[in-house]
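Peer 1: Each chain, written out:
Number of protein chains: 2
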Amino acid sequence: MKSFSKFLSRLKDILGENKVFTQPKDLIAYSFDSSAAIGVPLAVVFPERKEEVVDVLKLIAEYKIPLVPRGAGTATTGSAVSHTQGLILSFERMNRILELNLEERIVVVQPGVLNGELKNYLKKFGLFYPPDPASYNYSTIGGNVATGAGGPRGLKYGTTKDYVLALEVGLPGGKIFWTGPLTLKGVVGYNLTPLFVGSEGTLGVFTEIVLKVVPLPETRVLLLSYHEKEEEPLEIISELLKALITPASAEFIDKTTLLALSKNKQIELHDKKVKSLLFLELDGTVESVKKELKKVEELYQMKGIFYHKADTEEKIESLWEIRRAVSPSVRVLGERKISDDVVLPRRNMKEFLKKIRKLEEEKGIYVCCFGHAGDGNFHVNLLFSSEKEEEAKSLRKAILKEVLNLKGTLSGEHGIGYVKRSFVAWELTPLQLELMRGLKKVFDPENLLNPEIKIPF
Amino acid sequence: MKSFSKFLSRLKDILGENKVFTQPKDLIAYSFDSSAAIGVPLAVVFPERKEEVVDVLKLIAEYKIPLVPRGAGTATTGSAVSHTQGLILSFERMNRILELNLEERIVVVQPGVLNGELKNYLKKFGLFYPPDPASYNYSTIGGNVATGAGGPRGLKYGTTKDYVLALEVGLPGGKIFWTGPLTLKGVVGYNLTPLFVGSEGTLGVFTEIVLKVVPLPETRVLLLSYHEKEEEPLEIISELLKALITPASAEFIDKTTLLALSKNKQIELHDKKVKSLLFLELDGTVESVKKELKKVEELYQMKGIFYHKADTEEKIESLWEIRRAVSPSVRVLGERKISDDVVLPRRNMKEFLKKIRKLEEEKGIYVCCFGHAGDGNFHVNLLFSSEKEEEAKSLRKAILKEVLNLKGTLSGEHGIGYVKRSFVAWELTPLQLELMRGLKKVFDPENLLNPEIKIPF
Ligand SMILES: Cc1cc2nc3c(=O)[nH]c(=O)nc-3n(C[C@H](O)[C@H](O)[C@H](O)COP(=O)(O)OP(=O)(O)OC[C@H]3O[C@@H](n4cnc5c(N)ncnc54)[C@H](O)[C@@H]3O)c2cc1C
Ligand SMILES: Cc1cc2nc3c(=O)[nH]c(=O)nc-3n(C[C@H](O)[C@H](O)[C@H](O)COP(=O)(O)OP(=O)(O)OC[C@H]3O[C@@H](n4cnc5c(N)ncnc54)[C@H](O)[C@@H]3O)c2cc1C
Chain A
1 MKSFSKFLSR LKDILGENKV FTQPKDLIAY SFDSSAAIGV PLAVVFPERK
51 EEVVDVLKLI AEYKIPLVPR GAGTATTGSA VSHTQGLILS FERMNRILEL
101 NLEERIVVVQ PGVLNGELKN YLKKFGLFYP PDPASYNYST IGGNVATGAG
151 GPRGLKYGTT KDYVLALEVG LPGGKIFWTG PLTLKGVVGY NLTPLFVGSE
201 GTLGVFTEIV LKVVPLPETR VLLLSYHEKE EEPLEIISEL LKALITPASA
251 EFIDKTTLLA LSKNKQIELH DKKVKSLLFL ELDGTVESVK KELKKVEELY
301 QMKGIFYHKA DTEEKIESLW EIRRAVSPSV RVLGERKISD DVVLPRRNMK
351 EFLKKIRKLE EEKGIYVCCF GHAGDGNFHV NLLFSSEKEE EAKSLRKAIL
401 KEVLNLKGTL SGEHGIGYVK RSFVAWELTP LQLELMRGLK KVFDPENLLN
451 PEIKIPF
Chain B
1 MKSFSKFLSR LKDILGENKV FTQPKDLIAY SFDSSAAIGV PLAVVFPERK
51 EEVVDVLKLI AEYKIPLVPR GAGTATTGSA VSHTQGLILS FERMNRILEL
101 NLEERIVVVQ PGVLNGELKN YLKKFGLFYP PDPASYNYST IGGNVATGAG
151 GPRGLKYGTT KDYVLALEVG LPGGKIFWTG PLTLKGVVGY NLTPLFVGSE
201 GTLGVFTEIV LKVVPLPETR VLLLSYHEKE EEPLEIISEL LKALITPASA
251 EFIDKTTLLA LSKNKQIELH DKKVKSLLFL ELDGTVESVK KELKKVEELY
301 QMKGIFYHKA DTEEKIESLW EIRRAVSPSV RVLGERKISD DVVLPRRNMK
351 EFLKKIRKLE EEKGIYVCCF GHAGDGNFHV NLLFSSEKEE EAKSLRKAIL
401 KEVLNLKGTL SGEHGIGYVK RSFVAWELTP LQLELMRGLK KVFDPENLLN
451 PEIKIPF
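As you go down the protein sequences, you meet chains A and B in turn. What the first sequence shows, in full-length UniProt numbering, is residues 1 to 457, in sequence order. What the second sequence shows, in full-length UniProt numbering, is residues 1 to 457, in sequence order.
Chain A on its own, in the form it takes in the complex (with noise of 0.2 Å):
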């Protein structure tokens, strides 16, 4: 506890009294994130320039204190709160755009950059920033990157890790590197970048992130189509496909989800017998939309399948609003939920939604199944009344066995934290849980940076 405090007052006198809080109404502030996990940290510190970064970096390493590096906070998984009484080290202040460069279409930015204001920023300019968190609006880049945050968007566009072209890093002590060259190519040395998106802020601390950006798309259309037999969207998705087409956005809403919408009044069915919902947004020139949207549209009415067309950005965005209901939503089935965001192949979706089917009807237990289905990133929430918590806590772990079993993955864009930790070794075998250590080891040999959570020790 001695070592504490001299441990603050070095740090206060480094950064000055007003970027550092150890007041217990700001440490409870930031002792949670979007999980129910909880951890009241020593204190929060709030860096302005790089340079401060480094020099905690340096403190924590001295003074042997966890660190736990910091964005929004709308992790939900425990990854952005100290579990071990350590350092919180909030991007809230190094929060700007620091370049655009248009002819190598990439920006650099500092991570406390929200996502939603650097896709406003690029608008202005005709580019794109694709990944896109249903938390846009207020998560940042930084955190977007330590998770390897997905979206809608990832069926066509990919996930954050296709635009990260390279990331300034510091480690416990100070030291400070480029994970590579800011060039468009290159092949000296190993390729660092792409360890570091989805390290969960247990490798190093960005400072600085340079991104890949893409031309804006000249328009957009938006299907949403009403399903009898509730695989069918999953079906359309892989007929699609198939036949070459890549939408820009494939959302599933299963008969579950489906249920929660309606009893919350989201979505009003007329017709009883829809079992499920699509959202198909396709993207590009306005000639490729329309070749492509006739495409779907024959393919709808073949199959006598009832939709609605938006083609409007307002309109788009007006549906998209009963999707981006969901997760508010589906509380009206259960007051306790349990959540997590598997990836199957494509080809195995169809039967874990049989088999989720089966389980929800076993145990009755509400299970939604809904989400990215074009990339196969199923979002699964549990609900349920809390009487019901250990058989919902069983039924969870049969779920994620049946992911694994049909050669899914336990998470495709929240990743793991502290609340899923326990579930790693489920999925990676014992030799990739040695690498993997030993590749923390070479970047955090102490286990400062956010430990206790994202890798079983």
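Honestly, the hints are just simulated from the structure, not real lab data. Any given hint could be a false lead.
Just so you know, same-sequence chains aren't split out, so a pair can sit in one copy or run between any two.
DSS-like, lysine-lysine: derived pairs with alpha carbons at most 30 Å apart [to be verified]:
(1) K265 with K64
(2) K242 with K273
(3) K354 with K212
(4) K354 with K58
(5) K212 with K355
(6) K19 with K119
Fit chain B with the ligands to the known structure of chain A by using the hints.
Peer 2: Just chain B with the ligands, lined up with the frame of chain A:
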């Protein structure tokens, strides 16, 4: 030597005589790649199944015999050669396409499949594996992944790293693992896959490769333009990118390379004022290509640029023949050649070219500077007579220093291998090198995999 012969006899026991070559004539055949580096191996083995690769990996660990994995041996850096009297593990007989999944758009291959074979196979399904090293008809996917191979299409489509979904990797001792799940997304554990792309056989041996593929573009058109101002093509590329047009390829032929092409009768220049060429390919849907073409032609007309247009497969390929004739043609400028493949940030390409021309004039040594200008990748070839060897070597160093001054990188796609290893520490900081050595130790602690290359130890 005794343990060598014991090792060899164990090898033959395990694999059978016909998969182990030890005759001098065979060893000589495998003692070089496409660089000047030479090294005679102890033996060459030709496994036919991954279990045999694992057996070999067990044996080399037991006998501490260094191993060099090898595809087609087209590497230009000495990375496919044994520099320490070790074993060559050739993937020539592991050359099958194992599975194509159309709804996931992934293809599973053995490492010895030729890039060109894969391209032909995919074409039948309307699909396309974009990375296109000039060697695509005779280099292997395993070698392409291990070098991070690129090509003209890099500008729009990226390089090999953008298409590797997962790798099965064997380590000395025979341990074998997948670098990630076979799903399109996933953030469980660390993202190991990209670490192996460009690792030049120093971190692990690939036994199976899963690649992403994309739909073939509907159509393409190629413009070959002639420029009186040498740097004009570089300006045009920047202008197009700023105007939100992304050509599929933008290949630059500088003044000195043009001299070589015309001396070698690959091209006949009626207009002696022409100083450089640009090969600009547009691809996509019929309409989008039409639209982009219109903009490009307007730009060319406005600038008074003369050009040829090819819009049938036949004409396009015959124009590309000129581009492909570059590498052999530059030889007419001198009996000796030193080649590099450096990358500059796009914004610094013009300045680099100016420096090159100045150095060329000062030293009286031909410097060709052509290549994938779209993504900043210049192939710099020095051509000279043998008595100028020393001057050429010092000129090369001056050029590499200039690349680093202008924030470039020393290799964009060919790799480091043996012949460029001494320059790596010019580019990478001691910290970067230390971290990379740490990574190497995680996977290959005894330095048995392709020792003596890639990272200076
Ligand atoms: C309503 C809602 C919807 C969501 N929808 C999606 C979705 O569609 N897709 C999706 O992928 N996620 C989604 N999420 C989860 C979350 O928003 C993402 O994981 C996001 O990327 C976290 O960003 P953040 O700035 O909030 O980071 P934080 O929560 O603060 O931190 C997340 C992780 O990043 C690390 N980190 C943060 N900054 C840095 C840095 N500079 N250097 C190193 N490490 C750092 C932290 O240590 C932590 O491990 C959603 C969350 C909510 C609440
Ligand atoms: C005429 C010509 C043109 C070229 N044009 C280009 C070009 O445009 N772009 C470009 O990028 N390159 C080009 N190259 C270089 C070369 O073709 C590429 O580097 C290619 O990727 C090498 O493939 P390969 O099968 O010949 O591999 P090899 O030369 O056999 O090996 C290359 C490296 O890969 C490793 N390796 C091979 N297989 C495996 C495996 N299964 N597991 C682990 N490691 C493995 C080897 O150890 C070695 O380090 C060219 C070469 C020539 C001769």
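Peer 1: For a quick check of understanding: which of the numbered hints are violated here, in increasing order?
Peer 2: Of the numbered hints given earlier, those the structure breaks are 1 and 4, listed in rising order.
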